[in-house]
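Okay, here's what each chain looks like letter by letter:
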Amino acid sequence: MSSAPTTPPTEKPPESAKAFPILKERTRFFGLTLDETIRAFFGGNAITAVVVLALITFFLFKEGSAFFGLNRESVTLYRKAGLEYVDYMRAQQESHTALTRYLFDIRLRAVSELTGKDGLSVAEANARLTAFDDFAGRYSDTIEPIRGMVSELTDVAVSIKDKYTINEDAKTERAQFLAAGMTAEADAVRIIEIDFKAELAPLVGVTPVYIETANGVATAITEVLASPPALPVPALDYRLTRFKELNRQFLATFPETRRLVETWDFQKPVPVLDTVTGFLFGRQWLTASFWQDWYGILPLFIGSLMVSIIALTLAVPLGVGAAIYINQFASLREQRVIKPAIEFISAIPSVVLGFFGIAVLGSVLRAWSQQALTLPEFLQGIPLVSWVLGLPLHALNAIAPHIPGFPFSERLNSLTAGCLLALIAVPTIFTLAEDALNNVPRSFKEASFALGASRMQTIMRIIVPASLSGIVSAVLLGLGRVIGETMVVLLCAGNRISIPDFSEGLSVFVQPVHTMTGIIAQEMGEVVRGSIHYRALFMVGLVLFFLALLINFFAQKIVRKYRISIG
Amino acid sequence: MVTDISSSKTTPHMETPAAPATFKVNVPSSSTKLPATTGTLIDIDNLDFYYGAKQALFDVNLKLDDKRVTAFIGPSGCGKSTLLRCLNRMNDLIDGTEVKRGSIKIRGVDIYGKNVDAIELRKRVGMVFQKSNPFPKSIYENIAYGLRIQGQNNKVRLDEIVEKSLRGAALWEEVKDRLHESGLGLSGGQQQRLCIARTIAVSPEVILMDEPCSALDPIATAKVEELIHELKKEFTIIIVTHSMQQAARCSDKTAFFYMGKLIEYDDTRTIFMNPSNPQTEAYVSGRFG
Chain E
1 MSSAPTTPPT EKPPESAKAF PILKERTRFF GLTLDETIRA FFGGNAITAV
51 VVLALITFFL FKEGSAFFGL NRESVTLYRK AGLEYVDYMR AQQESHTALT
101 RYLFDIRLRA VSELTGKDGL SVAEANARLT AFDDFAGRYS DTIEPIRGMV
151 SELTDVAVSI KDKYTINEDA KTERAQFLAA GMTAEADAVR IIEIDFKAEL
201 APLVGVTPVY IETANGVATA ITEVLASPPA LPVPALDYRL TRFKELNRQF
251 LATFPETRRL VETWDFQKPV PVLDTVTGFL FGRQWLTASF WQDWYGILPL
301 FIGSLMVSII ALTLAVPLGV GAAIYINQFA SLREQRVIKP AIEFISAIPS
351 VVLGFFGIAV LGSVLRAWSQ QALTLPEFLQ GIPLVSWVLG LPLHALNAIA
401 PHIPGFPFSE RLNSLTAGCL LALIAVPTIF TLAEDALNNV PRSFKEASFA
451 LGASRMQTIM RIIVPASLSG IVSAVLLGLG RVIGETMVVL LCAGNRISIP
501 DFSEGLSVFV QPVHTMTGII AQEMGEVVRG SIHYRALFMV GLVLFFLALL
551 INFFAQKIVR KYRISIG
Chain B
1001 MVTDISSSKT TPHMETPAAP ATFKVNVPSS STKLPATTGT LIDIDNLDFY
1051 YGAKQALFDV NLKLDDKRVT AFIGPSGCGK STLLRCLNRM NDLIDGTEVK
1101 RGSIKIRGVD IYGKNVDAIE LRKRVGMVFQ KSNPFPKSIY ENIAYGLRIQ
1151 GQNNKVRLDE IVEKSLRGAA LWEEVKDRLH ESGLGLSGGQ QQRLCIARTI
1201 AVSPEVILMD EPCSALDPIA TAKVEELIHE LKKEFTIIIV THSMQQAARC
1251 SDKTAFFYMG KLIEYDDTRT IFMNPSNPQT EAYVSGRFG
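Listed in order, the protein sequences are those of chains E and B. As numbered in the working numbering, residues 1 to 567 make up the first sequence, in order. As numbered in the working numbering, residues 1001 to 1289 make up the second sequence, in order.
These aren't lab readings, by the way, just hints derived from the structure by calculation. Ideal Cβ placement from N, Cα and C applies to all residues, glycine included. Wrong hints could be hidden among the right ones.
Derived lysine-lysine pairs resembling DSS-like cross-links, with alpha carbons at most 30 angstroms apart [claimed, not checked]:
1) E:Lys557 x E:Lys445
2) B:Lys1155 x B:Lys1137
3) E:Lys445 x B:Lys1114
4) B:Lys1155 x E:Lys445
5) B:Lys1164 x E:Lys445
6) B:Lys1131 x E:Lys561
7) B:Lys1054 x E:Lys445
8) B:Lys1105 x B:Lys1261
9) E:Lys561 x B:Lys1176
10) B:Lys1067 x B:Lys1114
11) E:Lys561 x B:Lys1137
12) B:Lys1164 x B:Lys1233
13) E:Lys445 x B:Lys1067
14) B:Lys1137 x E:Lys445
15) B:Lys1232 x B:Lys1105
16) B:Lys1100 x E:Lys445
17) E:Lys445 x B:Lys1105
18) B:Lys1063 x B:Lys1131
19) B:Lys1232 x E:Lys445
20) B:Lys1176 x B:Lys1155
Listed next, the stretches of chain B that the computed footprint assigns to chain E, with coverage defined by at least 3 CB atoms under 8 angstroms from CB atoms of chain E [to be verified]:
21) 1081-1093
22) 1140-1150
23) 1271-1281
Work out the full structure: start from the sequences and follow the hints.
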């Protein structure tokens, strides 16, 4: 072979010149090779996802951020037009109304107690309550002087606000005419600048009268309370005592209201920070009101939170329990049936679950709640139990063991929504928790068995702790799923925008609530584009977005930590 | 890194036995003195074992001595690990496994009998696995685990047993300052000794070792082998190994398996120097396997 190069070439092409065919013309699309095209395609997809996320964030910010400016204007007008001044007195009136309602509630309970347990007719029961009714009537009348004042002043304040609104509209009109070049029409628009000081004079002039009236009211209340009636139902006495205590607290707020009224100044500027805190911690979400709109996210946030707590309380044991069963106990055949069945739940459209909640679950839960419960003896006299039932300890001891359970009258409430949301969270939690359990090396299990551990000990002490971070992140992602769910809460949560009364014990969980997702779905279709209400809904969306981001961030962080520790 | 504990005990058995040069493996000299055995501890009788439809062990008859090291050797798939896992019923964890014929008796009790609690059995027959598998817990908790699951939560007692077990596994000096750090932070050899310490903490009678050194380097292997020599004073040890040198160095008796059958069982010295079966002879001299 080594002699081959030295041999002279023959007439045929030499064997040694055999081609090494690795050169090939590439197919090109728009000047790119096939590989580069594929690369560009996948890269493009990834970039699109990131860009869309960025666009959504930007859009939410852009639409939402103007809210604070608008809200500040709105609150400033609220002050300038004297609405704030009137609301100090109105708050007092409303507290009193709530207390009167408390009295009526006592009466209702007394009647049901008398007709139920004591077997009296309604007429007889009413007769026994005459003294109480007289008392309640006198109490209810004590606030009349303030009620009258508030009613008059409301008209004054509203008329100032209306004038201002009309003026603002006129200004807008003129600006539009000017922009269109119609100077004559623009000049024809009548604008009268409002002199707030002069307009407010009748309002502020009332202050001394109010102070006198308030003092009179306080005296009247104290007098009425001095002679409480004896209730025909001794078991309800604790409520009357509680009523007196509430009144004492109510009267204690009088000096503060007086101070507010006296020092009120319509020109005091509204700090920018107040509009932010007013949104994040505002306890009222009130729209389309003739008086003043409030955009406080707190009732919606608490609603979302309560529904999520209920959902997770139910879904975590179910999901994690099912995952442990499938991973550790189930035979191959059971696995083949149960796993797809649970995963199928996530295929049910949430609106269908909502139907089910309205038609079946709500009624069943309500009927169930109205069954009477008997408090077992060993639970009597324990402070925690008294909170849970929303009764003071001595009252608990007085009426035990015949407590009525938690009867609730609203079919649609946070419990109904929470139960259905649990169903939605279970597949997420189950699948991810099962993955986490599966990732625990088999050798841990073998080592534990070889040391004489039972199956239960192995699961509780080795397998679950080793997969705990995976399980926690499964729960977090389930929470993310629940917080973001809309249709079920819109249909089943009851949609009452108010912060539940936490002094009611466990029955806070059966009160109707409204949620952040629900309010957006419900109101977004009706608002005027660009209005303060529209922007407020975007702010709610932004809060939801960040909440979801936060939850996912922590879930991923935990998962990453978990991977390292198992190694 | 030689600790005072292990070094003091190294000398007797690390000495190279005066074996004839013609042999490839070092065989314990016949002069090695052993404490007298109390006789047979485990009696395997006509054992047939199945994985589903596949038979893995054929008519195995074996009597294992108390307070001795017995080695199971043989090529891959010969059934030696299967037999080992039968001895503490670890095979129960695998679906479809079954002892179809024969029995295994420990102190005369059939461990596959009707009222046998496999959990109680495993407390008395511990196991060390091929790959070290400490729990993702601290060193201390790894060892305390076996006691805690038996309801032992007395701190003083636990401290005592943890120290004793770690000393027993020649690991105490290396880890005494970091008992509460993760067991996964130890080196491979230390992890394996931790697993041995964990096993002896529950004071079993028998320790099964399934190729305990196959993932270790020679130095770590030497330490584990030293440990086996120490442990046999108190425990009956059965070791499955692929290394014939290891079988020769550590064991008193050796059983050779091939294709699910016990081919030959005798004193280690006899197996390596004067096997009666030609297959054994071929295997130990390295001609197949």
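Hints, verified against the model:
1. E:Lys557 x E:Lys445: 26 angstroms, holds
2. B:Lys1155 x B:Lys1137: Judged against 30 angstroms, a Cα distance of about 17 angstroms means the pair holds.
3. E:Lys445 x B:Lys1114: With a Cα-Cα distance of about 25 angstroms, the restraint between Lys445 of chain E and Lys1114 of chain B holds, given a limit of 30 angstroms.
4. B:Lys1155 x E:Lys445: OK: Lys1155 of chain B and Lys445 of chain E at ~25 angstroms, within 30 angstroms.
5. B:Lys1164 x E:Lys445: 25 angstroms, holds
6. B:Lys1131 x E:Lys561: Satisfied, since the Cα-Cα distance of roughly 24 angstroms is no more than 30 angstroms.
7. B:Lys1054 x E:Lys445: Distance ~25 angstroms between Lys1054 of chain B and Lys445 of chain E Cα, so the pair holds.
8. B:Lys1105 x B:Lys1261: Judged against 30 angstroms, a Cα distance of about 19 angstroms means the pair holds.
9. E:Lys561 x B:Lys1176: With Cα atoms ~27 angstroms apart, Lys561 of chain E and Lys1176 of chain B stay inside 30 angstroms; holds.
10. B:Lys1067 x B:Lys1114: 28 angstroms, holds
11. E:Lys561 x B:Lys1137: OK: Lys561 of chain E and Lys1137 of chain B at ~15 angstroms, within 30 angstroms.
12. B:Lys1164 x B:Lys1233: 15 angstroms, holds
13. E:Lys445 x B:Lys1067: This hinted pair holds, its Cα atoms lying about 28 angstroms apart.
14. B:Lys1137 x E:Lys445: Measuring from Cα to Cα gives roughly 14 angstroms; hence the hint holds.
15. B:Lys1232 x B:Lys1105: 20 angstroms, holds
16. B:Lys1100 x E:Lys445: 26 angstroms, holds
17. E:Lys445 x B:Lys1105: 26 angstroms, holds
18. B:Lys1063 x B:Lys1131: Status holds; Cα separation ~28 angstroms.
19. B:Lys1232 x E:Lys445: 27 angstroms, holds
20. B:Lys1176 x B:Lys1155: Satisfied, since the Cα-Cα distance of roughly 16 angstroms is no more than 30 angstroms.
21. 1081-1093: Check passed, 3 qualifying residues.
22. 1140-1150: holds (count 5)
23. 1271-1281: Check failed, 0 qualifying residues.
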